[in-house]
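Visitor: Below are the chains, spelled out letter by letter.
2 protein chains.
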Amino acid sequence: MKKFNRKDRLAAIMNILTEKTNHVFTYKYFTNMFETAKSSISEDIMMIKQLVETLELGKIVTIAGASGGVKFIPIISKKNAEFFLDDLSSKLIDENRIITGGFIYMSDILYSPDISYKIGRIFATKFWEENIDYVVTIETKGIPLATMTAKILDVPLVIIRKNLKITEGATVSINYISGSTKKIQTMFLTKRALKENSKVLIIDDFMKAGGTAKGIKDMMNEFNVEVVGTGVLINTPDPEEKLIDDYIALLNFKSINKSENKISITPNKSIF
Amino acid sequence: MKKFNRKDRLAAIMNILTEKTNHVFTYKYFTNMFETAKSSISEDIMMIKQLVETLELGKIVTIAGASGGVKFIPIISKKNAEFFLDDLSSKLIDENRIITGGFIYMSDILYSPDISYKIGRIFATKFWEENIDYVVTIETKGIPLATMTAKILDVPLVIIRKNLKITEGATVSINYISGSTKKIQTMFLTKRALKENSKVLIIDDFMKAGGTAKGIKDMMNEFNVEVVGTGVLINTPDPEEKLIDDYIALLNFKSINKSENKISITPNKSIF
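Line by line, the protein sequences are chains X and B. The first sequence: position 237 = 237 (the UniProt record's numbering), numbered continuously. The second sequence: position 213 = 213 (the UniProt record's numbering), numbered continuously.
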């Protein structure tokens with residue numbers, strides 16, 4: 001078998017850690033792969049740790065003990081997060097995005113893997129220390145954001161449905177009042193989706209009054225799991241009083257002036 | 001500024017290429033980052049290329065010329081793909097997955113970021129040379145698979161809706177007959193989702209008669225885009241004649257025996 005030298009090992013370890021972030025790889029995994037001593041792998045990891053800090057690529061965490069190892073979390077620096085959110089705001093205020101009814105077209109942004117991955121990095125930076133077991137969202141528009149956040153945190157994604165599906169088996173349902181339409185709606189989640197006493201992070205695209213977020217929280221109560229955080233991409237100023245108070249929004253929608261074709265959206269600079 | 005040596009550069013370049021796969025990074029990008037000569041970066045890339053091949057981590061592609069550079073595609077080897085699909089089949093035939101009505105519960109599999117990323121790798125391996133512009137899916141269950149495939153291919157994701165949404169602006173709609181329920185249904189896609197003359201890859205979780213896939217193809221015709229491929233995770237043997245013929249399925253559902261609680265699913269070994 002080919003003998004790998006230090007630069008080979010560093011590059012390969014970096015590939016493996018980057019492909020499966022927030023996942024603990026044991027030192028044994030790498031000593032087997034490269035047929036080398038644990039002390040060499042330890043040194044490799046220390047070099048990677050320093051490099052990752054210098055270049056602000058994320059964070060290397062080493063875990064001591066029998067179940068120990070190393071993981072990489074692609075945390076984003078405050079400076080880079082603000083730069084990204086400034087750029088995202090400037091994309092969203094483009095007047096061509098205004099559609100009939102005074103809405104802003106933003107599906108392309110929500111569905112861009114590049115953008116949703118960066119949004120996922122911001123949520124992961126905020127919540128990775130909470131030892132989250134699941135990322136929970138409700139169909140449809142928030143799913144790509146939630147998928148990326150779950151991928152970065154290396155935990156399962158759970159999708160709450162708005163219609164009852166016969167292919168899901170036994171489900172729990174919750175009625176909730178949509179904050180925007182004031183209509184009573186129902187959400188459904190299959191009983192086997194969540195283990196009791198887990199910790200969940202709720203991710204969604206948009207929050208107006210918080211009716212949907214409140215519904216998801218009530219649903220989580222039925223499953224006896226703890227909501228450790230709620231993250232949304234964008235919120236509105238109106239109504240000022242939301243139905244839930246413990247959430248973070250990355251962007252704040254301010255106003256849309258239809259006569260002047262002007263949209264105002266600002267990044268939330270206080271997230272970190 | 002810190003001077004980076006070769007092993008630092010190799011590890012950092014590997015991180016950057018792995019985080020944004022199938023994206024062309026120019027040599028200039030790296031010469032600026034490390035303040036080093038193009039010849040050094042060229043040598044770095046050659047070393048990474050060799051390493052990636054030896055360890056079967058994927059494929060490094062270098063593009064010559066003015067718009068040239070380097071990209072990493074996490075293609076999966078035939079051996080690893082088959083190993084993964086064997087493992088996935090064995091998870092899916094667990095008798096506890098049988099739910100009332102003779103369905104198999106598989107949301108946890110479809111929504112696992114680890115699994116959907118690997119499925120995305122298989123689709124990307126199959127289709128990366130087609131220069132795809134968009135990955136297209138229909139809500140809901142296939143969205144995580146399509147998100148990962150789009151992320152790996154570095155192209156936008158497009159989600160067709162099953163209900164008309166006022167926040168999408170002008171939409172195109174198609175009526176189609178669901179192969180399983182034989183009911184007429186409608187799908188909607190916002191007019192600005194796709195540019196004409198693009199190449200699209202359709203990704204979905206499940207195919208029975210192919211009614212939905214046929215509907216999506218008809219929708220793509222309305223947008224004057226070319227469908228270069230259709231990939232589904234799993235198909236059924238019945239009906240044998242599908243409404244579309246040009247697709248690949250990674251797994252073949254065979255049968256479900258309710259009296260004996262036995263499910264039969266086999267990996268499609270002929271995909272590569």
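Check each hint, because a few of them may be wrong.
Which copy is meant is left open, because identical chains are indistinguishable; a pair holds if it fits in one copy or across any two.
In silico SDA-like cross-links for lysine to any residue, where the CA-CA straight-line distance does not exceed 25 Å [said to hold, decoys possible]:
#: 1; residue 1: 191; residue 2: 100
#: 2; residue 1: 165; residue 2: 26
#: 3; residue 1: 71; residue 2: 4
#: 4; residue 1: 7; residue 2: 84
Just so you know, the hints here were simulated from the structure itself, not pulled from any lab data.
Visitor: Run every hint past the structure and note whether it holds.
Guide: Here is how each hint holds up against the structure:
Proximity of residue 191 to residue 100 under the C-alpha cut-off of 25 Å is restricted to the inter-copy arrangement: shortest distance 13 Å between copies versus 39 Å within a copy. Proximity of residue 165 to residue 26 under the C-alpha cut-off of 25 Å is found in neither arrangement, the shortest distances being 40 Å within a copy and 47 Å between copies. Taking the closest pair of Cα atoms, residue 71 and residue 4 come within 25 Å of each other both inside a single copy (21 Å) and across two copies (23 Å). Taking the shortest Cα distances, residue 7 and residue 84 never come within 25 Å of each other, neither inside one copy (32 Å) nor across copies (29 Å).
Hints 2, 4, counting from the list given before, are not met by this structure.
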